[in-house]
Amino acid sequence: MAGIDPIQMSACAIASAVNEGSIKAADVVSSFLQRTEDLHRELNTHVFWDKEAVQNETEKQLDYIEAARRAQKYLPLAGVPIAIKDNIMAEGSIVSCGSKFLQNHRAAFDATVIKQLKQAGAVLMGRTNMDEFGMGSSNENSAFGPVRNPWNRSHVSGGSSGGSAAAVAAGMTTLALGSDTGGSVRQPASFCGVLGLKPSYGAVSRYGLVAYASSFDQIGPIGTNARDLARTFDLLRTHDPLDSTSVDTSAFEKTEIQLERPLKGLTIGIADELLQEGLDEDVKKSFFESLEVYKELGCTIKKITLPNLRHSIPTYYILATAEASSNLARFDGIRFGVRASKPGASLKDLYAQSRSEGFGREVKQRIMLGTYVLSSGYYDAYYAKANRMRELIRRDFAAAFEYGVDLIATPTAPTTAFVLGQKTDNSLSMYLMDIYTIAANLSGIPALSLPIGLDRKGLPIGLQLMGKTHHEGELLRSAYQYEQYKRWTERPKF
Amino acid sequence: MIIDRETVEKVARLAHIQLSEDDIGYYQRELGSILDYMQQIQTAGEELPADWRADTAGVSCPERDDEAKHSHVIERVLQSAPKVVGTAFQVPRIIE
Amino acid sequence: MSSTSVGQSDQSFKRLLARYEPVIGLEVHCQLNTASKLFCSCKTEFGSLPNQNTCPLCLGLPGVLPVINKTAVDYAIRMALAVGARIREKSVFARKQYFYPDLPKGYQLTQYDLPYCEHGSLTLDNGRVIKIERIHMEEDAGKNIHGDNASYVDLNRAGVPLLEIVSAPEMYSPEEAVDYLRKLRAIVRYLGISDGNMEEGSFRCDVNISLRPRGASKLGTRTEIKNVNSFRNVEKAIAYEILRQSDLLDSGETVRQATLLFDAATGRTQMMRSKEDAPDYRYFPEPDLGPLFISSERIKTIQFLIPELPEARKKRFQESFVIPEADAAQLTEEHELAAFFEDVVRLVDGKVAPKIVANWINTEFLREMNNRQAQWASPILSAGDLAELLRLIGEGTISGKIAKTVFEEMIEKKVSAKSIIDAKGLVQISDTGEIKSVVADIIAQFPEQVVQHRAGKPKVFGFLVGQVLKVSQGRFNPALVNQSLKDALDGDPKS
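Chains as they are written, first to last, in my numbering: chain A, 1 to 494; chain B, 1 to 96; chain C, 1 to 495.
Bound conformation, chain A alone:
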């Protein structure tokens, strides 16, 4: 193995080499540290990047990996670098959530996923930039500036996990964690030409994830291939007593061992009504080409209808902002974060000044929207109605799966990565970018984005596959087989 650049290796290959002793975890880590050091400014993928500090923090973990190797204890992600979205707690790190409010906030504890990753031998490779509190689809809502797309610096990375997706695409890390509330893992993965998985709601613990919209949020892995994603997902999927919405999935089969199983007999549903207006021609073309690949692989394509999905966006933006307005109430400038009160300020001034200065424009907008839809006189018309619509969307999926469909395919986003600044002055046009991804969060089903090609501008196109709840295995297997068939390995140039 020696001689191969770890930057080019998959997570599984790195783990094997480190476990075998053919490569040193410390060498892997220093390659990626240097790569991040070289590229992070250009792409703005990381927040508070400090090579020395990150390196120092890896020492303990490198000792752990080395001790495991000597004891011949297999670690599934031995020496694998993983960048962490900046809304996931890792003890001692600043966890800013892309917000000025938390620019000095050091995590007092580890998220459950961080504990799991450390135990598996992964090495934390910095904190990635994001839309403030996860609220955005382009990473332009970060208090620390937008992330640039590694394929074209004048285009957005997608969001809100833009830093994570761009860092993986640029080879600054092998894996990254993102969080996905309405597409925040899948859409930037799609824009950056990598894979991203949003697990079923409850599959991965949310303990230690700063909540945006609690009934939608899921942490998910981002990587360059399906096997890496499967392995990471397998170790993140666990029952966590610290998260009351965590599901006991201990009886479920690991997804990595399902990857090689043929797809023959699998039925993929497509809904024509989702493939109409607003869908970019190149994206549409690639989408249908990818379906041909699946036919080749033995899948059946079946037309389905998901009539209520056209209401996904209003439904999502009502419910998610309602939850967000409440989740962000604790940011009051009293116990943590920024206090921006002027001398002589009253308590009310302290709240208003801290929150007005600490939060960015989009976050304030969503807090106000959420406050509005819950306030007296509007609750029934918005919040209650949206809950009913959410149920109908769930039932649409249930009916489709009942009808014999195993997977549902859509493009991940209606377009490829757009130009920076193009949609920042019109919230609604930005919200419409979430049209395909939101439904999986509304209904709690798992969904994955995999790269299927480039548009005529050379920007990546993603295919979204959605599956039955807790059937991530089928998604990952489908992505894996597509990779094996297409051998699409294009990476951005540096």
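By construction, these hints were calculated from the structure, which means they are not laboratory data. Bear in mind the structure is a predicted one, so any value in this text is a computation, not a measurement. We put the CB at the ideal spot given by N, CA and C, even for glycine. It is possible that part of the hints are untrue.
Facing chain A, from chain C, some residues (calculated, C-beta under 7 Å) [as the list claims (entries may be wrong)]:
1) P56
2) R273
3) K275
4) D277
5) P279
6) F284
7) P287
8) D288
9) L289
No farther apart than 27 Å at their CA atoms in a straight line, the calculated lysine-lysine pairs in the DSSO-like style are these [stated by the list, open to error]:
10) B:K10 with C:K275
11) C:K143 with A:K348
12) A:K115 with C:K43
13) B:K69 with A:K264
14) C:K43 with B:K69
15) A:K348 with C:K226
16) C:K96 with B:K10
17) A:K348 with C:K275
18) B:K69 with A:K342
19) C:K70 with B:K83
20) C:K143 with A:K342
21) B:K69 with C:K143
22) B:K69 with C:K70
23) C:K43 with B:K83
24) A:K118 with B:K69
25) A:K115 with B:K69
26) B:K69 with A:K348
27) A:K100 with B:K83
Estimated spans, in silico, between C-beta atoms of each pair [what the hints assert, rightly or not]:
28) A:A398 with B:D51: 44 to 52 Å
29) C:P307 with B:D4: 55 to 63 Å
30) A:Q276 with B:D36: 44 to 52 Å
31) C:R86 with A:Q422: 54 to 62 Å
32) B:R93 with C:E199: 23 to 31 Å
33) B:D36 with A:D272: 26 to 34 Å
34) B:E21 with A:L432: 23 to 31 Å
35) C:A377 with A:A71: 37 to 45 Å
36) C:R86 with B:G25: 39 to 47 Å
37) A:S429 with B:V59: 16 to 24 Å
38) B:G25 with A:L432: 20 to 28 Å
39) B:D4 with C:A150: 52 to 60 Å
40) A:L432 with C:E199: 42 to 50 Å
Starting from the known structure of chain A, arrange chains B and C on it as the hints suggest.
For chains B and C alone, coordinates are given in the frame of chain A:
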């Protein structure tokens, strides 16, 4: 535009967010167009039974054993809190 | 009795109540005495320093999630069963949202339109049944401490489990309200789910009150008085509010719906906020917790653990010990007291009537418990010691009067009744020979009184008995002295 200035101000007050004159105009426009778009669900969802509720439909919550533990985070929290006196968080004097 | 507290005579207050009927509802917040908080594992006891019993959850830090305490739910079920209420199979926690420094998350987790419990009731001493509309679980807030220039936030109490118990507006006097509270407090203490301490804030009360002209059926406009922290203050606050509201109505004004604060120092209520300022709490179901599921099996198991409650115990005491209702009521108000009484009755082994045991415990014993501020965990005397003393009375070894001094000495010196009696020679003398000789002496000493007695003057007999007992220093058996004196004075020439 279905949201007036007073509503924007009322919502901002409830959310404890201070708005400048420019902000009010911006949010009135943005919230207005979003809420306009959201009107589409007003007529939707009538196929569900009238007494259907989202909050009882979910999986029931687990319960933990009643064991007290010490979390040991308070020292660190106090160190980085905006303003602390002794071990208490300080705020401007509250006038009831 | 209430009216004196606000400087009015009983008479005028009664006249007022003859014209207006107060309609009172109570909301009680009762802290559950679990080991850990409702949604996190922090200790529920209050640390000596602010914020010592806190964690990321009850500090409201970002990134943490609530997990409900099973024992708190069990306790809540006990309470529901004790007041015969209906338990909902699926109840829902909601976020009640407002900004306040003692509310770290910016919302309180409580139950809103689907509480776990509804439709209970409680019977007052006067026989009236008061409906309990609902009981729900919620988390307590922390404390704001007010200084001269700033306020300080202590979150040790934040997240402690509470039951909010809401009565129907069905009480019609301050006395009924206090009786309801006493009964409710007795129940939570019997159940062992709360210490029910009003002064320390583990049993807090908000009062809703309106007035209507006697005979009217329509309710008047109500006000809500927040956080009244003793039975006495509940009575005072209600009495004050009756005066204030009747004054308004009498002068043709209207009562405005408002939330008031009771000031214990002045005995008055003052405006906290009017209905127009009522906050918009924007309740919505807590997405971090699914519905709380309470199975019928669980209810059955807990039903089995419900002890005999004050009302039932009172009835049983009246019937099986043949004691008056008032005695039984006093004995059963605290379950430790009732248990102590039962222990003593068992240990006197029929040598003393339960009525006498009840008298002793309700007067002498409780007085000394209070004087010495003793706790039931270490009472001033054990049930066995008290039973021994009472047995000695019953057996005629000592008189009841002497027993009282022995009782005090037992407490002071921590020694048994027998050893005091032996050491001081306090044993009652029932030797008729000895008694007769003293009786003869006294008759000889007081010939005038003997003549008066024979002439039918009633009080003289008592005087003569007293003289005999005085000579014996209280040790003669009083019954025998009576008999002997009667024999000597009234006949039986043979003697």
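Hint numbers not upheld by this structure, sorted from lowest to highest: Hints 2, 3, 4, 5, 13, 18, 19, 26, 28, 30, 35, 36, 37, 39 and 40 are the ones this structure does not satisfy, whereas the remaining hints hold.
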